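Protein chains in written order, with this note's numbering: chain A, 9 to 640; chain B, 77 to 465.
It is possible that some hints are incorrect.
Said to hold, decoys possible - SDA-like, lysine to any residue: derived pairs with alpha carbons at most 25 Å apart: (1) K257/B x W451/A; (2) K257/B x A37/A; (3) K165/A x D123/B; (4) K257/B x L36/A; (5) K351/A x E317/A; (6) K295/B x W28/A; (7) K209/B x Q419/A; (8) K213/A x A122/B; (9) K213/A x K257/B; (10) K165/A x R263/A; (11) K257/B x G24/A; (12) K218/A x L245/A; (13) K218/A x K257/B; (14) K257/B x R20/A; (15) K213/A x V29/A; (16) K209/B x R430/A; (17) K351/A x S458/A; (18) K257/B x P212/B; (19) K257/B x V33/A; (20) K213/A x K488/A; (21) K165/A x A122/B; (22) K257/B x V29/A; (23) K213/A x A376/B; (24) K439/A x W451/A; (25) K209/B x G464/A; (26) K218/A x L202/A; (27) K165/A x A99/A; (28) K257/B x R430/A; (29) K257/B x L35/A; (30) K413/A x G464/A; (31) K165/A x A195/A; (32) K257/B x S21/A; (33) K386/A x D517/A; (34) K351/A x R372/A; (35) K218/A x Q419/A.
Hint data in this document are derived by calculation from the structure and do not stem from the laboratory.
Since the structure is predicted, the reported quantities are computational estimates derived from the model, not experimental observations.
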Amino acid sequence: MFDFKSASQRARSRFGLRAWVAALVVLLAFALLGWRLWVLQVQEHPGLLQRADSNRTAVVPIPPRRGEIVDRRGEVLARNYLSYTLDVVPAQVDSMDDLLSELEQVVTLSERQIRQFDRRLRESGPFTEVLLRNDLSDTEAAYFAAQAFRFPGVELKARWVRQYPQGQSAAHVVGYIGRISERDESALRAADALGNYRGTDIIGKKGVEKSWESRLHGQTGIESLEVTARGRPVRSLHRLDPVPGGDLVLSLDMRLQRVAEQAFEGQRGALVAIDPNNGEILAFVSQPSFDPNLFVDGIDHESWRALNESEDNPLITRPVYGTYPIGSTYKPFVALAAMALGKRGPDEEIYDPGFYEMGKTRFRNAGSIPYGRVDAHKSLVVSSDVYYYSLAELITIDALHDFMKPFSFGQPTGIDLVGERRGILPSRDWKIAAFRDPEQQRWYPGETVSVLIGQGYNAFSLMQLAQATAVLANGGTYYKPRLVKAVRPSGESIAQDVDAEIMHEIDLDPEMVETVRNALAEVTKVGTARRAFAGAPYDAAGKTGTIQLFDLKGSKYKAEEVDERLRDHSAFMGFAPAQNPTIALAVLVENAGWGSAVAAPIARTVFDAWLLPQADSPIDALAKSDARQSAR
Amino acid sequence: MISIFNWLLRVLRAIDWPLLLIVACLSGAGLMVMYSAVGGTDWRYADQSRYVVLALVVMWLVALVPPAWLARLAPVAYGVALALLVAVVFVGDTSKGATRWLDLGFIRLQPSEIMKIALPLLLAWYFQQREGKRNPLDYIIAVALMAVPFALIVTQPDLGTALLVASAGFFVMYFAGLSFKLLIPVAVVAVIGLGMVLANEDTLCAPETDWVVLQDYQKGRVCTLLDPTKDPLGKGFHTIQSTIAVGSGGLYGRGFMQGTQAQLDFIPERTTDFVFAVFAEEFGLYGSLSLLFLFLLLIARGLVIAARADNTFGRLAAGSLTLVLFVYVFVNIGMVIGLLPVVGVPLPFFSYGGTALLTLAVALGVLMSISTHQSLPLPSNARTGFGSP
């Protein structure tokens, strides 16, 4: 059938024929395109050019006004103000120099503004509106409006500008807006929401501004305009008004928030205070902070670098993004686990000689202090480590994991913020997934020892600790934590509450909870937090924690000899009043030393501010009592 | 010193200079139009510039790979692409009602793009393997190899891409020697069918008519083409505005960045599928014909490379990829000027988008590799210029 000698030759010539045929088809197809182009661009050109010129209905989107954000008492965190701007459409201007010199007689234009205008002019096309000046005063705006006919191509516009009157305070909660990035745009496109963003270039970037974007943004309106051939609007043909975004009422109490922020005295750290009866977040501190107003009109290079490259990471939302081993503040939960799992009864005592031995390793109490006979109550009051070390023989790491998980340790808490980190709640499965080396994948009993006192692989966010504390405080009900308490749709005076949502109940024996509660109340009277809570007119319950970052391998820890960034973190978890608590909190101050010395006093300040009558205005007091009533 | 010189020589020899020159002209024109289409300032322009640079690098890297390796890689690439397509069915990302993407965490992959290159290479490899002992059964196997990815892509649903993949496969079979006796009747039937559709437009486009094999949106696209004025603010809007843009360009065009249709936002999708309308409005008939000529040169060069290839794999792969390129250009421009229905086919070198550019770069790289890795030295007079095939 085939002549093998010349098969390759034949294949080549056969291919040549087919290539020619293909080339012929290609030529014909291109001739068809060319013919059609000729028809459109020569024959039908006059008619189509006219249609292009009379293409006069421009559909212009009208961006909606963004919703405002207020705290639970109505104090404003984010609002909009109307700013007058002058925009220039270059295509409609004959001589830019003449225009500017004439304009200067009507409104003031600084050197810098003209320089910036020139730069923007170079960067944009002839039909785009170029911003010349913003923030015109009312007088200037009126002055210009009266003489606008002299300035074709210049348009006076009013636009809403975002403002954050609280500045650095609660900046991580409210977040900020910024220009729509490529990533934002593809996310909007995927959600089929891009159309609603026509005519605007801003979107929530951080905090509640981001997580509640869909409620804050509103609905873009549309106006059909008759425009001239060069795009200048003549009259409105049809208008569909935009629907402004909804206002958000935060559960945050700005007065409490400020007290908490000031209590940090410039130190780095985080604090979250939650109402344990409904999951409302009362204070949410991330220190150091930043001024969100910097981001509104696009942050300048200098400020961005300063914020972004700072060793203190002010842009990080510490309570949900920072994960830490939480030290002794974990003990109340571990004590509860030992009881609930039936491993060690509330009254069961062990002997604490100041150290615990496993194999050849000796684990010590802080300062190697021997506490003698210790039961659950005493273990929390004096913060015995040995009591918890020795649980390693009784509780497996997986049983501990399963007990802690519903408290949200190592899990997203469900707070209405984007970017919550899970952290690590160690278990055998976790270790297998986290390491590659089979040796490292094994779980060693010694590792359980340090996990039981809140060190080792544990890595929890402050938000998780605060949430777990709230769950403990109310006896086991997991309310979804939330920053937004209510949404007020535009044009309505009554806000719709975001209802408290119970995500799950943890089945805890009330007596066991009571044992832990009593012990924690004792901590603030005679235990590690007694100095911080001396003279408090209410019963507070809590636990201090000191988190070691620097492994000294038995040598003595001297704060002043250790690099500041490697010093211990100071932590506290607690709630008040001890019976029927209305506030639960967790606080951590980075590299500050003992929990009793730094974190506990901050907690005291916050409890005082929430529970004691404050010397504030009668209206404030009324609002607060209202808020507390609704919280119950 | 000598080794560096040798290395440089090897690297430079991997480049097909006529092809590179055409590609450079087209890329430059593409970036210029993108600049105008976005009104001068937009991240899309900066992005597209980066994509073009990346694409050139990718093209050159692929060009360094000898065709023999490409042939050996082809079955692997096909297998991987097929596996990814199956994965899309189960864990694909859905947006706008179509499931086309795989989210790998760091990148969103569109496996059908990989298939556009993998299928023609696979079939070229297959026919090379069967060289000298080919029989009609081979074409049936080829059709089967084509039908599986085609079916998977159609159900995404993405008829446009599926047809492109199928056409790539078809071109390989055509060059491999699929009998004209089979081809001609099919072509005749297609022409008659098209004529009948045109003649019976009214009944076909009535809302109650169900088109069985095509989705509603596809029916809409065809009907819009048949009579764009019927729904001027809806589906016909694209075609009407783009023909106005092209027509208002006239002989000389309205000037760079001066097209009112483009600059005043009347051309929809003006950075992607309808970017040619921006070009034609601003550069006129002379500009458009020059652009067509450039594309023609590109296709001609591709066919020359195919005809000169010294083995079946090279010939079939180069020929098929070149004709697919032609289909892109023809379908896109045809759509913009109202000859063909609105289908989502980008214009190579011009439409915004990194994925499409990368696919294009790989295809061009394969062409270069086939062109520059001849095992048999060709007569010296055949190495220069655009000799006839």
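Cross-check of the supplied hints:
1. K257/B x W451/A: Given pair K257/B, W451/A is violated - Cα atoms ~72 Å apart, limit 25 Å.
2. K257/B x A37/A: Distance ~22 Å between K257/B and A37/A Cα, so the pair holds.
3. K165/A x D123/B: violated (31 Å)
4. K257/B x L36/A: Holds. K257/B to L36/A sits at ~21 Å (cutoff 25 Å).
5. K351/A x E317/A: violated (49 Å)
6. K295/B x W28/A: With a Cα-Cα distance of about 35 Å, the restraint between K295/B and W28/A is violated, given a limit of 25 Å.
7. K209/B x Q419/A: Violated - the C-alpha atoms of Q419/A and K209/B are around 63 Å apart, more than 25 Å.
8. K213/A x A122/B: It holds: about 22 Å lies between the C-alpha atoms, which stays within 25 Å.
9. K213/A x K257/B: Status violated; Cα separation ~63 Å.
10. K165/A x R263/A: violated (37 Å)
11. K257/B x G24/A: Given pair K257/B, G24/A holds - Cα atoms ~18 Å apart, limit 25 Å.
12. K218/A x L245/A: violated (35 Å)
13. K218/A x K257/B: violated (64 Å)
14. K257/B x R20/A: holds (20 Å)
15. K213/A x V29/A: violated (57 Å)
16. K209/B x R430/A: violated (62 Å)
17. K351/A x S458/A: Judged against 25 Å, a Cα distance of about 18 Å means the pair holds.
18. K257/B x P212/B: Judged against 25 Å, a Cα distance of about 13 Å means the pair holds.
19. K257/B x V33/A: holds (17 Å)
20. K213/A x K488/A: Distance ~23 Å between K213/A and K488/A Cα, so the pair holds.
21. K165/A x A122/B: violated (30 Å)
22. K257/B x V29/A: Satisfied, since the Cα-Cα distance of roughly 14 Å is no more than 25 Å.
23. K213/A x A376/B: violated (50 Å)
24. K439/A x W451/A: Holds - the C-alpha atoms of W451/A and K439/A are around 7 Å apart, at most 25 Å.
25. K209/B x G464/A: violated (69 Å)
26. K218/A x L202/A: It holds: about 16 Å lies between the C-alpha atoms, which stays within 25 Å.
27. K165/A x A99/A: holds (18 Å)
28. K257/B x R430/A: The given pair, whose Cα atoms are some 66 Å apart, is violated under the 25 Å limit.
29. K257/B x L35/A: holds (23 Å)
30. K413/A x G464/A: It holds: about 17 Å lies between the C-alpha atoms, which stays within 25 Å.
31. K165/A x A195/A: violated (30 Å)
32. K257/B x S21/A: holds (19 Å)
33. K386/A x D517/A: Between K386/A and D517/A the Cα gap is close to 20 Å, so the pair holds against 25 Å.
34. K351/A x R372/A: Roughly 22 Å separates the two Cα atoms, so the pair holds.
35. K218/A x Q419/A: holds (21 Å)
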